[in-house]
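Position chain P against the provided structure of chain X, taking the given hints into account.
Here is how the chains run, residue by residue.
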Amino acid sequence: MKKLLMIGLDGATYALLKPLIADGYMPFLGKVMAEGAYGELMSTPNPLTPPGWISTVTGCSPDVHGIYDFLRPESTEAGVFLKVNDSRDILCDTVWTLASRQGKRVTTLNFYGMSPPVEVDGYLISGFIPWRHLRSATFPESLFDTVKSLPNVDIKKLGMDIGEEKKCIQGLPEEEYEDWIHLQSERDAAWTELLSHLMEHDPTDLTAIVYDGTDKIQHLFWRYLDPSLVEETTAIPWDTHIRELCLNSYRQIDQSIERLVAISGPDTHLVITSDHGFGPTHEVVYVNEWLARNGYLSWTAQTIVDNTSKLTADRIKDHTLMIDWEHTLAYSLTPSSNAIYVKQAKDGTQGVSPEEYPDFCRTLQQKLLDYRHPIDGGQVFAKADLNENRLAGKPSLEHAPDITLGLRDGGFVSILRSAEVVKTRDKVDGTHRPNGVFIAWGPDIASGKHLEPLSILDVTPMLLHLMGLEIPKEIEGRVPVEALKAEALSANPVKISEMVQPAKPKAAADRPEISEDEKDALMAQLKLLGYMD
Amino acid sequence: MTTTPLSYSPEELSAQVIAVLNELTMDWELDLEEDIGPSTRLIDDLAFESIDIVRFVVALEQHFNCKGLPFEKLFMRDGDYVDELRVNEVVEFLNESLPTAHSS
Numbered sequence: 001m002k003k004l005l006m007i008g009l010d011g012a013t014y015a016l017l018k019p020l021i022a023d024g025y026m027p028f029l030g031k032v033m034a035e036g037a038y039g040e041l042m043s044t045p046n047p048l049t050p051p052g053w054i055s056t057v058t059g060c061s062p063d064v065h066g067i068y069d070f071l072r073p074e075s076t077e078a079g080v081f082l083k084v085n086d087s088r089d090i091l092c093d094t095v096w097t098l099a100s101r102q103g104k105r106v107t108t109l110n111f112y113g114m115s116p117p118v119e120v121d122g123y124l125i126s127g128f129i130p131w132r133h134l135r136s137a138t139f140p141e142s143l144f145d146t147v148k149s150l151p152n153v154d155i156k157k158l159g160m161d162i163g164e165e166k167k168c169i170q171g172l173p174e175e176e177y178e179d180w181i182h183l184q185s186e187r188d189a190a191w192t193e194l195l196s197h198l199m200e201h202d203p204t205d206l207t208a209i210v211y212d213g214t215d216k217i218q219h220l221f222w223r224y225l226d227p228s229l230v231e232e233t234t235a236i237p238w239d240t241h242i243r244e245l246c247l248n249s250y251r252q253i254d255q256s257i258e259r260l261v262a263i264s265g266p267d268t269h270l271v272i273t274s275d276h277g278f279g280p281t282h283e284v285v286y287v288n289e290w291l292a293r294n295g296y297l298s299w300t301a302q303t304i305v306d307n308t309s310k311l312t313a314d315r316i317k318d319h320t321l322m323i324d325w326e327h328t329l330a331y332s333l334t335p336s337s338n339a340i341y342v343k344q345a346k347d348g349t350q351g352v353s354p355e356e357y358p359d360f361c362r363t364l365q366q367k368l369l370d371y372r373h374p375i376d377g378g379q380v381f382a383k384a385d386l387n388e389n390r391l392a393g394k395p396s397l398e399h400a401p402d403i404t405l406g407l408r409d410g411g412f413v414s415i416l417r418s419a420e421v422v423k424t425r426d427k428v429d430g431t432h433r434p435n436g437v438f439i440a441w442g443p444d445i446a447s448g449k450h451l452e453p454l455s456i457l458d459v460t461p462m463l464l465h466l467m468g469l470e471i472p473k474e475i476e477g478r479v480p481v482e483a484l485k486a487e488a489l490s491a492n493p494v495k496i497s498e499m500v501q502p503a504k505p506k507a508a509a510d511r512p513e514i515s516e517d518e519k520d521a522l523m524a525q526l527k528l529l530g531y532m533d
Numbered sequence: 001m002t003t004t005p006l007s008y009s010p011e012e013l014s015a016q017v018i019a020v021l022n023e024l025t026m027d028w029e030l031d032l033e034e035d036i037g038p039s040t041r042l043i044d045d046l047a048f049e050s051i052d053i054v055r056f057v058v059a060l061e062q063h064f065n066c067k068g069l070p071f072e073k074l075f076m077r078d079g080d081y082v083d084e085l086r087v088n089e090v091v092e093f094l095n096e097s098l099p100t101a102h103s104s
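Heads up: the sequence lines are chains X and P, in that order. Following this note's numbering, the numbering of the first sequence begins with 1 at its first residue and continues without gaps. Following this note's numbering, the numbering of the second sequence begins with 1 at its first residue and continues without gaps.
Simulated from the structure, these hints should not be mistaken for laboratory data. Fair warning: there could be bad hints in the mix.
Computed cross-link-like contacts, DSBU-like style, restricted to lysine-lysine with a CA-CA straight-line distance of at most 30 Å [as the list claims (entries may be wrong)]:
#: 1; chain 1: P; residue 1: K73; chain 2: X; residue 2: K473
#: 2; chain 1: X; residue 1: K2; chain 2: X; residue 2: K495
#: 3; chain 1: X; residue 1: K495; chain 2: X; residue 2: K18
#: 4; chain 1: X; residue 1: K83; chain 2: P; residue 2: K73
#: 5; chain 1: X; residue 1: K18; chain 2: X; residue 2: K167
#: 6; chain 1: X; residue 1: K83; chain 2: X; residue 2: K156
Non-contacting residues of chain P with respect to chain X, defined by C-beta distances greater than 10 Å in every case (computed) [as the list claims (entries may be wrong)]:
#: 7; residue: E12
#: 8; residue: D27
#: 9; residue: D52
#: 10; residue: A59
#: 11; residue: V87
#: 12; residue: V91
#: 13; residue: L98
Note that the structure is a prediction, hence the values are computed from the model and not measured. For each residue, glycine too, the CB sits at the ideal point set by N, CA and C.
Pulled out of the complex, with its shape left as it was, chain X reads as follows:
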């Protein structure tokens, strides 16, 4: 039986991969693109790691799986609080459980949001977890002890240091550039070592891994990688050295992919995807400042004005403490969400009433779209998508944004107070784009085919199909049959399961109304996030 190897490249974009291939840094990737099928992969409405990877591994959109961001706001009488999303908040099955349920064994490493780990037939270690908590993010737990015993895998290098990762959007001093690039490369290398060991000692039908160093490096070092900016960026030898370090991290990933394919064997299907694309960002847009100037938000008296081009406060508890909730009707709580929430009046609290809600949202949307940069006159908010389900009075997840923004340079909003609504960055950074990558290669894959853009929802159906499995009809994506050889499709036609997936107890529609006790407990848990500094 053919093996299936899935490689996730966080934030990968052809804007960089193609020049890297042309310059000889990623020869194996060049080979699989030439011999296989590839095209752009369009991400979720807000192209971000949590919704992007969860849509990748469920085949469902954020409105169905429920993950819009790293955090989720919960509104209470005492104010609005933030809660960390984890696997218990995902409202539909992942490809790991769907494959396990149909008799396939799975190995999945370093995917966002997989902790607490769900039971699979195989091995699972969640990504985005500090090393001190990796044990509780591993299934089966005995795997953790196996990993610890491996001489060539340092368990500490597998974990994610939250403090270091925040520097992606909060900035990094130049003297830390080298160490920071090495940190990313060493983590990617550690995951490769671990996966190689597992594949050699107990191969499974589906093997999947995410390399997230690409995203981190592109955020901070985009100007060193983008061919159109390199000449300007690398004016002195030290800058050239930094660029070489970045380029070598891609060379390392290319070598890792080649190594994993070799271990998997000749009868392997390889699928490479990203959770979103990437591009440059030139400015910072202070969305809460815009809301304040337009009468939607009030700052608390102690809130200081940002003069550092940061996107967010250093401590999560300060996200909510900046806002005067009694005098606020619309707000943004995290940069990564690119979302505006409307404070709705309920249970006697002040806010927008259900009757006022549609007009309120449409007026706010129009004002956002009409806003022009005070100097260049350009439209700053390229999109301001409303929550159409909520507007129509249809069911909508409580934490779904009311408005999802898109900025003209594709960047993330700043939620801080500022003297200006739009500020030009001192240096060009990298930020997310909707168009990522999809690359497939192997015996059943069409050769040398450039695909029209696919949806990120198509990845799970493709993985299930390549394993010869049924695709539950609830999945929103489709099998991209145009990426398959005609004879392979004839021999293995797409099988849609008419049987409804076994309902998970946490399915949104089946959730019982939350009790007052539970609300209190939830609020308490959210308050604990104040410790996240």
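Frame of chain X, contents of chain P only:
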């Protein structure tokens, strides 16, 4: 393993909380002068950081198979966050809170 919280005496509850902490910190390579006990301080002795406290709460909820615990009574006093917490304070909190907790 999850158990019914009502079945614990205060001593048993203390042992269970210590067991959760031992499991949580077993890979941390802590250089403790003595084993984790009722007087152990989460921040000064166990070097707890913010994310560790969040994970500790989740571990307690999972271990006792309970939700609905009013953790703000434990971590907030007089409208502000406490600077330190001892294991016996966690045990006292659970002893008061678990019987009225909503079991899932």
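Do the hints match the structure? See the list:
no.	hint	result
1	P/K73 - X/K473	violated (46 Å)
2	X/K2 - X/K495	holds (18 Å)
3	X/K495 - X/K18	violated (34 Å)
4	X/K83 - P/K73	holds (18 Å)
5	X/K18 - X/K167	holds (27 Å)
6	X/K83 - X/K156	holds (26 Å)
7	E12	holds (23 Å)
8	D27	violated (6 Å)
9	D52	violated (7 Å)
10	A59	violated (7 Å)
11	V87	holds (17 Å)
12	V91	holds (17 Å)
13	L98	holds (12 Å)
Against the hints set out earlier in the document, violations occur for numbers 1, 3, 8, 9, 10.
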